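**Q** So you can see what is in the structure, the chains are spelled out below.
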Amino acid sequence: MDYHFNFTIVWRHAWRLWWGLGLSLQIALASLGIGMLIGVVLAVAYTDGRRITRMAIAGYVEFIRNTPLLLLVYLVFYGIPSVGGFAYDATTSFIGTLALYAGAQLVEVFRAGLDAVPPGVVDAGRAIGLTPMRNLIHVRLPTAFRVSLPALSNAYVSLFKDTALGSVIAVPELTHGAQWINFNTFRILEIYALLTPIYLVTGWIILAALRLVERRYAIVRPN
Amino acid sequence: MIAAMVYALPFLWQGFVLTLAVSGLVVAGSLVIGLLLGTALAFGPRWLGLPIRVFADTARAIPLIVLIFTVYYGLPALGLSLSPFWAAVAALTLFKTGHVIEIVRGAIGSIHPGQMEAAKTIGLTFANRLRYVIFPQAVRRFLPPWINAVTDSVKGSALVSLVGVVDLMMAIQQVIGRTFEPMPLYILGAAIYIAVNATLSIASRRLEARFAATVAA
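Protein chains in written order, with the working numbering: chain Y, 1 to 223; chain C, 1 to 217.
Please keep in mind that the hints were generated in silico from the structure rather than gathered at the bench. These numbers were taken from a predicted model, which means no experiment stands behind them. Beta carbons are placed, not taken as given, at the ideal position from N, Cα and C, and that holds for glycine. Wrong hints could be hidden among the right ones.
What the hints assert, rightly or not - Estimated spans, in silico, between C-beta atoms of each pair:
1. Y:Leu212 to C:Arg205: 32 to 40 Å
2. C:Glu208 to Y:Met55: 20 to 28 Å
3. C:Arg140 to Y:Val201: 43 to 51 Å
4. Y:Arg216 to C:Val17: 35 to 43 Å
5. Y:His138 to C:Gly106: 46 to 54 Å
6. Y:Trp204 to C:Leu36: 20 to 28 Å
Said to hold, decoys possible - Chain Y regions said to be covered by chain C (calculated; three or more residues, Cβ under 8 Å):
7. 52-66
8. 135-146
9. 197-210
To be verified - Some chain Y residues near chain C, calculated using beta-carbon distances under 10 Å:
10. Leu75
11. Val157
12. Ser167
13. Asn182
Model the full structure from these sequences, guided by the hints.
**A** This is the structure we're talking about:
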């Protein structure tokens, strides 16, 4: 092996990595937030809705789950503006894509969560005179949410990893920063020797932190 | 819209075949390596299990695109030059192997330890204990998550287009480069991927039903 490691030139541009890491975490958080909204609304609509609603939601979920994320990224960034007659910047488009992607997965998560709410609890809510809406807000959703917490932590870490795909449409996130340094300094091995541990360690830290939150709030499903 | 799709279809054929080839190689490679390493993780000594554990966790925690770039751009600097096709297949296989190891370990772990003890008691060798007692039971727990991993491989194979392999995704991009009509092509592409994955899901449900029946009998 006659490759000479030289990190000095990489450190000079390292701010792009830290900056990109921050953006990656924000993109993941934003898309998780929007995705949760989609997930909760559709999960409730699925659980309480009629056949036609269920079929539409199942169609959305299956479409997203069986299509490569890369294709979705292109479809939202290049495809939709081409027929919609408008354009948006790459980061917005990418957050939208990830939110749709996360939403499809979270529908399933929240649906399982809603199913895990014991029927007796819902009956009890009805018995003390809660309207269906209030029953949903005060009884079913808080329980379902706490049951779903571990799955949400995993979704966040997984979304953080998926932000790497933003680099293909030039969202200046972590991987894009690494590619920029790569193409401008040609210190290929140094970049990837840094990039990989950054993803690894950040993923571990997020997961460890969220496990602490779970220990406090999550309800472990008996099975 | 339909006309644009019909026009594009012949141009997508070769890319489609390549996507299937990449997915097939990755699924087969990760299955073989993952089964070996997963079994070693479940039954092997600690010194063997620890590196496997680290490998599986690392491979799953890195974004696939980073893994592909690392193998494709990084390895030549170390003196190992792979063609884009094999670099992408190698990276995808590493990634999938991590998942398969985890699935195998989980499937074996779900078998009651008493099964292994009983098999020992009647004097089966280790290989025979696995073959006649553990694996036939574990396969039912193995199949559902593994099929998920297979459809995931098909989806993940789209990333090989980023290192210049002309798979389905790349073929779609090439047609768009000529027609400047992205939307019909992306929808057509999504439909093709969905068709492949739906076929796999249906096939897997049959497979699962068959294994469930034979084991229950």
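**Q** Taking 10 Å as the limit, does the beta-carbon of serine 167 of chain Y come near enough to a beta-carbon in chain C?
**A** holds, 7 Å
**Q** With a cut-off of 8 Å between beta carbons, are at least three residues of the region 135-146 of chain Y near chain C?
**A** violated (count 0)
**Q** Are there at least three residues in the region 52-66 of chain Y whose beta carbon sits under 8 Å from a beta carbon of chain C?
**A** Held - the region 52-66 of chain Y has 3 residues with a Cβ nearer than 8 Å to chain C, which meets the minimum of three.
**Q** I want to verify a distance hint. Is the separation of the beta carbons of arginine 140 of chain C and valine 201 of chain Y within 43 to 51 Å?
**A** violated, 37 Å
**Q** So does arginine 216 of chain Y sit 35 to 43 Å from valine 17 of chain C, Cβ to Cβ?
**A** violated, 52 Å
**Q** Grab the minimum C-beta distance from asparagine 182 of chain Y to chain C and call the hint holds if it beats 10 Å, violated otherwise.
**A** Holds, because the Cβ-Cβ distance from asparagine 182 of chain Y to chain C comes to roughly 7 Å (cut-off 10 Å).
**Q** Quick one: see if chain C covers the region 197-210 of chain Y, three-plus residues with Cβ-Cβ under 8 Å.
**A** holds (count 4)
**Q** Between histidine 138 of chain Y and glycine 106 of chain C, does the beta-carbon spacing fit 46 to 54 Å?
**A** violated, 37 Å
**Q** Quick check: does the Cβ-Cβ distance between tryptophan 204 of chain Y and leucine 36 of chain C fall within 20 to 28 Å?
**A** Once the Cβ atoms are compared, 27 Å apart, the range 20 to 28 Å for leucine 36 of chain C and tryptophan 204 of chain Y holds.
**Q** Could you check if leucine 75 of chain Y really has its C-beta closer than 10 Å to a C-beta on chain C?
**A** holds, 4 Å
**Q** Is 32 to 40 Å a correct range for the gap between the Cβ atoms of leucine 212 of chain Y and arginine 205 of chain C?
**A** holds, 39 Å
**Q** Can you verify the interface hint for valine 157 of chain Y: is its Cβ closer than 10 Å to any Cβ in chain C?
**A** Check passed: Cβ of valine 157 of chain Y comes within 8 Å of chain C, closer than 10 Å.
Of the numbered hints stated above, those contradicted by the structure are hints 3, 4, 5, 8, listed in ascending order.
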